[in-house]
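Chemist: The primary structure of each chain is shown beneath.
Protein chains: 2
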Amino acid sequence: MASLRAAGMRPILAASKRIAAPSTLRQTLAVSSSRMVSSYYQGEAQGPVVKTDIPGPKSQEAITKLDTVFDTRSLNMLADYTKSFGNYIVDPDGNTLLDVYAQIASIPVGYNNPALVKAAQSPEMVNSIINRPALGNFPSHDWASVLETGILKVAPKGLNQVFTAMAGSDANETAYKAAFMWRRQKERGGPAVEFTEEEMESAMNNQSPGASQLSILSFKTGFHGRLFGSLSTTRSKPIHKLDIPAFDWPQATFPQLKYPLEEHVEENAKAEADALAEVEHLIKNWHLPPAAVIVEPIQSEGGDNHASPAFFRGLREVTQKHGVLMIVDEVQTGVGATGKFWAHDHWDLPTPPDMVTFSKKAQTAGYYFGNPELRPNKPYRQFNTWMGDPARAILFRAIIEEIERHNLVENTAKVGDYLFGKIEELAKKYPQDFQNLRGKGQGTFIAFDNPKRDQFLAKAKKFGVNIGGSGAHAVRLRPMLIFEKSHADILLEAMEKIVTSW
Amino acid sequence: MASLRAAGMRPILAASKRIAAPSTLRQTLAVSSSRMVSSYYQGEAQGPVVKTDIPGPKSQEAITKLDTVFDTRSLNMLADYTKSFGNYIVDPDGNTLLDVYAQIASIPVGYNNPALVKAAQSPEMVNSIINRPALGNFPSHDWASVLETGILKVAPKGLNQVFTAMAGSDANETAYKAAFMWRRQKERGGPAVEFTEEEMESAMNNQSPGASQLSILSFKTGFHGRLFGSLSTTRSKPIHKLDIPAFDWPQATFPQLKYPLEEHVEENAKAEADALAEVEHLIKNWHLPPAAVIVEPIQSEGGDNHASPAFFRGLREVTQKHGVLMIVDEVQTGVGATGKFWAHDHWDLPTPPDMVTFSKKAQTAGYYFGNPELRPNKPYRQFNTWMGDPARAILFRAIIEEIERHNLVENTAKVGDYLFGKIEELAKKYPQDFQNLRGKGQGTFIAFDNPKRDQFLAKAKKFGVNIGGSGAHAVRLRPMLIFEKSHADILLEAMEKIVTSW
Chain D
2 MASLRAAGMR PILAASKRIA APSTLRQTLA VSSSRMVSSY YQGEAQGPVV
52 KTDIPGPKSQ EAITKLDTVF DTRSLNMLAD YTKSFGNYIV DPDGNTLLDV
102 YAQIASIPVG YNNPALVKAA QSPEMVNSII NRPALGNFPS HDWASVLETG
152 ILKVAPKGLN QVFTAMAGSD ANETAYKAAF MWRRQKERGG PAVEFTEEEM
202 ESAMNNQSPG ASQLSILSFK TGFHGRLFGS LSTTRSKPIH KLDIPAFDWP
252 QATFPQLKYP LEEHVEENAK AEADALAEVE HLIKNWHLPP AAVIVEPIQS
302 EGGDNHASPA FFRGLREVTQ KHGVLMIVDE VQTGVGATGK FWAHDHWDLP
352 TPPDMVTFSK KAQTAGYYFG NPELRPNKPY RQFNTWMGDP ARAILFRAII
402 EEIERHNLVE NTAKVGDYLF GKIEELAKKY PQDFQNLRGK GQGTFIAFDN
452 PKRDQFLAKA KKFGVNIGGS GAHAVRLRPM LIFEKSHADI LLEAMEKIVT
502 SW
Chain A
2 MASLRAAGMR PILAASKRIA APSTLRQTLA VSSSRMVSSY YQGEAQGPVV
52 KTDIPGPKSQ EAITKLDTVF DTRSLNMLAD YTKSFGNYIV DPDGNTLLDV
102 YAQIASIPVG YNNPALVKAA QSPEMVNSII NRPALGNFPS HDWASVLETG
152 ILKVAPKGLN QVFTAMAGSD ANETAYKAAF MWRRQKERGG PAVEFTEEEM
202 ESAMNNQSPG ASQLSILSFK TGFHGRLFGS LSTTRSKPIH KLDIPAFDWP
252 QATFPQLKYP LEEHVEENAK AEADALAEVE HLIKNWHLPP AAVIVEPIQS
302 EGGDNHASPA FFRGLREVTQ KHGVLMIVDE VQTGVGATGK FWAHDHWDLP
352 TPPDMVTFSK KAQTAGYYFG NPELRPNKPY RQFNTWMGDP ARAILFRAII
402 EEIERHNLVE NTAKVGDYLF GKIEELAKKY PQDFQNLRGK GQGTFIAFDN
452 PKRDQFLAKA KKFGVNIGGS GAHAVRLRPM LIFEKSHADI LLEAMEKIVT
502 SW
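Top line first, the protein sequences correspond to chains D and A.
The opening residue of the first sequence carries number 2 in the working numbering; numbering runs sequentially from there.
The opening residue of the second sequence carries number 2 in the working numbering; numbering runs sequentially from there.
Careful, some of the hints might be misleading.
Identical copies go unnamed one by one, so any copy, or any two together, can satisfy a pair.
Said to hold, decoys possible - Lysine to any residue pairs mimicking SDA-like chemistry, simulated, CA-CA at most 20 Å apart:
| no. | residue 1 | residue 2 |
| --- | --- | --- |
| 1 | Lys259 | His474 |
| 2 | Lys221 | Lys453 |
| 3 | Lys453 | Gly48 |
| 4 | Lys158 | Val70 |
| 5 | Lys59 | Leu76 |
| 6 | Lys154 | Asp346 |
| 7 | Lys423 | Pro373 |
| 8 | Lys379 | Pro239 |
| 9 | Lys154 | Thr65 |
| 10 | Lys154 | Phe457 |
None of these hints come from the bench; they were simulated from the model.
Chain D on its own, in the form it takes in the complex:
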């Protein structure tokens, strides 16, 4: 990896292949021609422009208006998406920020990407928007083709089927439902065994045996969504969970690695072995046996917590040993940001996970699976009216094409290595402000801890960068896949300014 950095970053695209901003955007972006920052985005801003405090007067006025009908207390900044372009988010006061938060890691190929404009204007997209089908009952004649040329083209190895959903939470919850149905079917003796009268009656009363006494095992500091089943597996922060009834499901400790990794090899290996032992103990002993274990490749809301490929291989082994399914939650890590299309591609698993869930950068959601037994034994068991959104599936297909056309996964790997190396240098210079740097070799999915994290994030805006946090202390970097060395330099400069300004 070091050799790539030594060789210097080169634009992946020739200038002639650059993406041109639509003319309406070019007028608003006040582009000068002296330096081309993006090798993809012709007409992208050359750097941040901060004209006012954020929120500025125009934003404040709009926020006040919005708050009368919509809770704005979690508002970070107001955006004008008609003016945002590429890596830059623009607000109503004309502030132009380099966006390395990207709608909580949900923008893959840049604001107003012209290829996506084209896809959104296509007759196929228009048709999907206005004739939304109940997919389980009335799929369109070309739904197989939309899946095969899009979502399934990037299916993780070994998983050739998909259940489409709406967002991360229901992607995970439908995967849980599949796990529970699979497990009970196995216990019952196979798909041909009919439900008993007792099961059918008790299910209607939310009682066992019809409502199963099973669980999903998740990890402490993990995040898997905020609906009732997914929230029962989310263990990030009290504010996410307070007052909401929850299932009595088990949680295992996620290994808490110490950094730099090379200085804590034995300690970290022990932390991972202990965590696996705890998983095995819970599988064997929890009063509601786990049908599945769900895990994020990198705990993305809970503080950017990493574990080694060996840990995940161990988890695959433990789950297989005990007939428990392994669900990999790639809602935030999926679609290229870690330098692989799926973060679990880094693990070199002997056998694939049983299910992989996705959302965010896919702009649609669902879960992949391979085992035909994960299709429930009868229809209408895994079903809902919409079962996803073909319009969003069509958009994901265009995103995949854009990623392939520009080798954007390779790009994040390279730019991530560059960025990581430069933050390592910052960490040497300012050790207090760049603690526990993590994400080496994980593309641009990089984080570090800062003791004054919330101030750090607030200050970042003054220096022209939109950055997010995770957990209590982490600064999490979530650039888009079109983030290049030149953007990294702007980010690095801004981060150094932040920590030297206090």
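Starting from the structure of chain D, add chain A where the hints point.
Modeler: Chain A in isolation, oriented as in the chain D frame:
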């Protein structure tokens, strides 16, 4: 109402105001000019065309292909949405069916409605598709305006705020979350009282007091979704619930009315009084006290079960008396089909429900509320990455405009009365086949029971109509809002053919 029918139905629109099919569609629809069936849709098919068995050979081929990657066992029919228009759904074999199922009641203003085509092609829509925001953090500068000119313009009386979601299940579940947070806040002594350490710690372990020991009360045979919290309140069929862990939440009997209503006045009044008494008993005695009661105006999946306005006024009274919230689930009944924009407009409630949830015909989802205390006391408690989809909110705005432009709610009221009267006549002629006719004065939201229901639905396709069922025996009619007297006549003719064909 009788006078309207006596006066005869007149097209609401002059011919000059008719919606013209796009030229591409006009070519494929094989329209003759002899009779104009739709007064809105110029170029709509004049009637069903059944060319093959359904599925025909082309459909079968596509279904086989689709099944390799997507579970097709719940497939009803494959559709070609590029060729479907107005009230008619077209399949790949060229069969053209009058669609009174309408994607499980989710198509409001017709397939390929030209006004929606225009909205879908607008720069605003394109922008929303490709720049999807994390709405809670980074709303667009004009989000207030999108809400106010769309979703909020049709807000139920007394409810001026909205939380946007993705589909019916999470619309209900986020409403439940709001109810739990509201109830615990009241118990705690108001929004300013901080969470205790014990609450915060126990919440992380899914234990009380942090995870509340509260419930949502729902009704037997009700349907509120299929994720873990919503499924715990769904009581429609075992197949929806089997094997899935559930909360031990209470259910009250939904009054089982006898038809014709005028012959069972006292009996039905007693059934409703008993149901209300049961609700009150459960509120006072269930071991997990209900924070809210959720109810559908018409139980739409569980068999098209109706109750009187007096029952719902009684429910409002009981819930208010005990400080329990009343959530009206208008996911299927909302947006015009009952002859009012919201079905609960029929009830003449003394005070509005606390929350009203919506989805389906709105093409987006969420819940309305009025009480500012239903905004949790801190940000990030009711939050997720996307919090709905602005593209779908923009589409809903266009749907609302179309409904207003053509007085479509008035249309469903009138056409519904006509249709109901005609089915009453059929019921006199064929009493075995049109039992328990219900939905009088409820627009086109009409149902009846048929002892061979599944055969009835299968045969309907042979006679050119796509109809759905609900519960075990009900034939449920869910035409679009653009369904007119002429379409009703086609439906009536087909239904008579079905029951005289066996």
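Chemist: Within, between, both or neither: how does the pair Lys259, His474 come out at a Cα-Cα threshold of 20 Å?
Modeler: within (15 Å within a copy, 62 Å between copies)
Chemist: Is the C-alpha distance from Lys423 to Pro373 at most 20 Å within one copy, between copies, in both cases, or in neither?
Modeler: The answer is neither: 46 Å in one copy and 48 Å across copies each exceed 20 Å.
Chemist: Treating 20 Å as the Cα threshold, decide for Lys221 and Lys453: within, between, both or neither.
Modeler: neither (24 Å within a copy, 53 Å between copies)
Chemist: Using 20 Å as the alpha-carbon threshold, which applies to Lys158 and Val70: within, between, both, or neither?
Modeler: This pair counts as between: shortest inter-copy Cα distance 14 Å, intra-copy 45 Å.
Chemist: Which holds for Lys154 with Phe457 at a C-alpha limit of 20 Å: within a copy, between copies, both or neither?
Modeler: Neither: 40 Å inside a chain and 40 Å across chains, both beyond 20 Å.
Chemist: As a check of your reading, is Lys453 near Gly48 (CA-CA no more than 20 Å) within one copy, between copies, both or neither?
Modeler: neither (26 Å within a copy, 69 Å between copies)
Chemist: Given a CA cutoff of 20 Å, do Lys154 and Asp346 count as a within-copy pair, a between-copy pair, both, or neither?
Modeler: Within one copy, since 15 Å is at most 20 Å while 48 Å is not.
Chemist: Quick one: Lys154 to Thr65, C-alpha cut-off 20 Å, is that within a copy, between copies, both, or neither?
Modeler: Between copies only: 19 Å across chains, 45 Å inside a chain, cut-off 20 Å.
Chemist: Have a look at Lys59 and Leu76 and pick one of within, between, both or neither, based on CA distance no larger than 20 Å.
Modeler: Within one copy only: 15 Å inside a chain, 50 Å across chains, cut-off 20 Å.
Chemist: Reference check for the pair Lys379 and Pro239, CA-CA at most 20 Å: within, between, both, or neither?
Modeler: Answer is between; shortest inter-copy Cα gap is 12 Å, intra-copy 38 Å.
Going through the hint list in order, the structure does not satisfy hints 2, 3, 7 and 10.
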